[in-house]
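Given the coordinates of chain P, work out where chain H should sit on it, guided by the hints.
Chain by chain, the residues run as shown.
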Amino acid sequence: MFNKLRIGKKGENIIFGTFVLLYIGWCVNSPDMNIESLKSVLTIGLSVGIIYGLVALGISLIYTGLDVVNFSHGEFFMIGAFAGLTMFNLLGNQDWIFNLFPDAYGWIIYVVCLFTAFVSMGLFGVFIERVFLRPLTKKGGGYTVAGMGIIICGFGLSVVLINVAYLIWNPVAKPFPAELGLPMEIGGLFLPITYIWMIVVGLSVAAGLWFFLNKTKMGLGIRAVAYSKDVSNLVGINVPLYISIIFGIACAIAGIGGTLVGPTYQVVVFMGYIILMKAFAAAVVGGFGNLPGAIVGGFTVGIFETASSFYISGSHKDLYAFLLMIVVLMIKPTGFFGVQVKMKA
Amino acid sequence: MLKINQLISGYGSVQILNGANMKVEKQSIVALLGGNGTGKSTILRAASGLIRSWKGTIEFDGEQIQNLPAHEIVGRGLVQVTQGKDVFPAMSVTENLKLGGFILKSKQQLSDNLEKVYNYFPRLNERKDQLAATLSGGELQMLCIGRGLMSNPKMIMLDEPSAALAPQIVLDIFKNINRIRQDGLTVLVVEQNVRMALLLADYGYVIKDGVINVEGDSKKLMYDESVKESYLGGTKANV
Numbered sequence: 174m175f176n177k178l179r180i181g182k183k184g185e186n187i188i189f190g191t192f193v194l195l196y197i198g199w200c201v202n203s204p205d206m207n208i209e210s211l212k213s214v215l216t217i218g219l220s221v222g223i224i225y226g227l228v229a230l231g232i233s234l235i236y237t238g239l240d241v242v243n244f245s246h247g248e249f250f251m252i253g254a255f256a257g258l259t260m261f262n263l264l265g266n267q268d269w270i271f272n273l274f275p276d277a278y279g280w281i282i283y284v285v286c287l288f289t290a291f292v293s294m295g296l297f298g299v300f301i302e303r304v305f306l307r308p309l310t311k312k313g314g315g316y317t318v319a320g321m322g323i324i325i326c327g328f329g330l331s332v333v334l335i336n337v338a339y340l341i342w343n344p345v346a347k348p349f350p351a352e353l354g355l356p357m358e359i360g361g362l363f364l365p366i367t368y369i370w371m372i373v374v375g376l377s378v379a380a381g382l383w384f385f386l387n388k389t390k391m392g393l394g395i396r397a398v399a400y401s402k403d404v405s406n407l408v409g410i411n412v413p414l415y416i417s418i419i420f421g422i423a424c425a426i427a428g429i430g431g432t433l434v435g436p437t438y439q440v441v442v443f444m445g446y447i448i449l450m451k452a453f454a455a456a457v458v459g460g461f462g463n464l465p466g467a468i469v470g471g472f473t474v475g476i477f478e479t480a481s482s483f484y485i486s487g488s489h490k491d492l493y494a495f496l497l498m499i500v501v502l503m504i505k506p507t508g509f510f511g512v513q514v515k516m517k518a
Numbered sequence: 009m010l011k012i013n014q015l016i017s018g019y020g021s022v023q024i025l026n027g028a029n030m031k032v033e034k035q036s037i038v039a040l041l042g043g044n045g046t047g048k049s050t051i052l053r054a055a056s057g058l059i060r061s062w063k064g065t066i067e068f069d070g071e072q073i074q075n076l077p078a079h080e081i082v083g084r085g086l087v088q089v090t091q092g093k094d095v096f097p098a099m100s101v102t103e104n105l106k107l108g109g110f111i112l113k114s115k116q117q118l119s120d121n122l123e124k125v126y127n128y129f130p131r132l133n134e135r136k137d138q139l140a141a142t143l144s145g146g147e148l149q150m151l152c153i154g155r156g157l158m159s160n161p162k163m164i165m166l167d168e169p170s171a172a173l174a175p176q177i178v179l180d181i182f183k184n185i186n187r188i189r190q191d192g193l194t195v196l197v198v199e200q201n202v203r204m205a206l207l208l209a210d211y212g213y214v215i216k217d218g219v220i221n222v223e224g225d226s227k228k229l230m231y232d233e234s235v236k237e238s239y240l241g242g243t244k245a246n247v
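Residue numbers (this note's numbering), protein chains in the order written: chain P, 174 to 518; chain H, 9 to 247.
Here chain H stands alone, though its shape is the one from the complex:
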């Protein structure tokens, strides 16, 4: 579904990604793990067109999408779900969700998708006329995921859905991500919460210094020494 090949990118003149390779199979959940400042979010931002790719290719659904304008990438069915704080606080929950379906042409489809999202997250239905600024952290994350689902995407990329949330709520959100996959979507999760992410995912990539360091089956990664290394910061040898 998504194939990233030797991707080099960064911000301004600062190079962050030094040739990252990864592949996301159709209808799978793939976790992209790594510490702060290793380039996880940069991969997402390059894939969704927010920053330019300097070199390398990004292939989605068999077509190259690197350096397309961001709104066209959304039109092709690849949607990035931002962290929960990136909602429109002065708009109501429904308005936020309607913005998610901005590219939809028909009103019927919009209300169908709205129904679908409320079905995934009944909590949002209870809060639908409230301003997004008044929601709790977990509800904001649900709103962000719901907004991503509104445009009928083929694949969603989640940027740290568990950031700053209570374990119970993280569990709830991850259950819903699994449900989304079962309904036919492909999911890429960027996470710092390694254990939870690997429990959810089928396959995992660990990124370090802008390149993929380790990859493998998530069950295997969970007991991998180098994964622990990536998170605990350096081995005894190169401290």
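Bound conformation, chain P alone:
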């Protein structure tokens, strides 16, 4: 019965298009609308969006591998930011780096911070999966009782990780004063370098992941494990190891996201939660489990959120991502790129 109520593919697109047009009309009618504000909305939206996209990429990757949503992913984002910040504080007072590279000093430290966050979060993710989730992941992911266990475990893990971070770094928001140089002028708009870094690094991480999954042998194995654990086992893939690798890569990407956000805002223990929810919205909008969809969904949520808070009302900034998610779920339940058949990765 409910099947009959669902609107066909073409109908979905027409209704969704109507919503988009109405929304654009609303924004254009706003008194703040001009080409200058549009430019800044787009750049801020894209740079925020790529962060949502990176976290959503991790969520989607774990979803393809295990068929569960990892609700502790925001915490890996937060701890990644702290890992980058810790490295930054360590390197910040070292004079020899400054003497060695007087011109590119800030950049080199920042790249090292990004790299630290990537590697340490990757190892931390593997550690968490091996030590705490192994009894559950061993029994296979979603669609089983163990899958439900992993989801509940994710909530618990999230609380535990927040409290551990609270003990180590205390709840005071910390600045991340990366020295990346003066704002850059693009098309008559002065942009802080951090925004450009976000977009460039974020897109290269996404491209790197695409290359890794599609062009390397390990990537082929990951795609096989994502589709079927049994058949992967039968061709000689060490499935438990590959599940750890999937978890590690997803967490490493979240860590990079955290360090990218750090210089723009601040690093706080509680930053993971809201990012997780918005990344979840981004993953749903792009099509759950679809990796390019996660990035596109992130951009969509980022731009929608920024544009809405600029042109409609700035006091409900956190509302818009979920509003978009609800509209997409109502009209186009599979998201932009999702498929109904299980053909993932």
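Hints are computed from structural coordinates only; laboratory data are not their basis. Cβ coordinates follow ideal geometry from the N, Cα and C atoms, glycine included. Not one of these hints is a red herring.
Incomplete in silico selection of chain P near chain H, CB under 10 Å:
| hint | residue |
| --- | --- |
| 1 | L393 |
| 2 | Y400 |
| 3 | V404 |
| 4 | N406 |
| 5 | V412 |
| 6 | L414 |
Restricting the straight-line Cα-Cα distance to at most 35 Å, the calculated cross-link-like pairs of lysine-lysine (DSBU-like) are:
| hint | chain 1 | residue 1 | chain 2 | residue 2 |
| --- | --- | --- | --- | --- |
| 7 | H | K136 | P | K390 |
| 8 | P | K183 | H | K93 |
| 9 | P | K311 | H | K11 |
Between beta-carbon pairs, the in silico distance windows are:
| hint | chain 1 | residue 1 | chain 2 | residue 2 | range |
| --- | --- | --- | --- | --- | --- |
| 10 | H | A172 | P | S486 | 58 to 64 Å |
| 11 | P | G190 | H | Q138 | 32 to 38 Å |
| 12 | H | D137 | P | V337 | 45 to 51 Å |
| 13 | P | K388 | H | T142 | 18 to 24 Å |
| 14 | H | E134 | P | N336 | 57 to 63 Å |
| 15 | P | I485 | H | K93 | 48 to 54 Å |
| 16 | P | P350 | H | E123 | 58 to 64 Å |
| 17 | H | A172 | P | F385 | 33 to 39 Å |
| 18 | H | K124 | P | F300 | 39 to 45 Å |
| 19 | P | G190 | H | K93 | 33 to 39 Å |
| 20 | P | G487 | H | T142 | 47 to 53 Å |
| 21 | H | E123 | P | F192 | 49 to 55 Å |
| 22 | P | G381 | H | K216 | 53 to 59 Å |
| 23 | H | N133 | P | F305 | 46 to 52 Å |
Chain H in isolation, oriented as in the chain P frame:
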């Protein structure tokens, strides 16, 4: 080559195999026959390490392999070929075959084996860049067998290669299985298509309720009354 001794296994707490014994000689084709739910596939799954063996031993090439991780059993040269629907539909034919050779270290060997498989199944060569989802039933079965051959196995175990295929295609696939044996591999075929399987095999086992009920030369089994019984479901006496 493969020796299964008093094997007891099952899923969860449900016991399926109640002490099965069987033996597969080197370079032979052995058929394992039985109706639905008698434990044919369970034997294969236990031998390839997908489920645990509760009791009993599985010996392959003189070494005990029961309860090894599945990928290590593949490394030792015992490969299970699943039914045709178990391919990776979102990958191309070549990618599927390359996954079959996942444990191979050298690229040269991979391309040699790819050549070998295309030689067995020229049809796959024609379709090599297509997504596996677009193949027909017979081609999917060829792809599964080809994927099993990619890792240079000593023995392959086929799970119902004739399932849901037209007789002409079944004949074609069985001819190829015979060719694989002539090239030096050992083959264990699990089948419901009794006549075809016994025509192909040298030796046959009939499994019923988790134990081997009847065994013997395939020519002899073909005219055995109890084989017919196993398939037609019970005798007049115990209906």
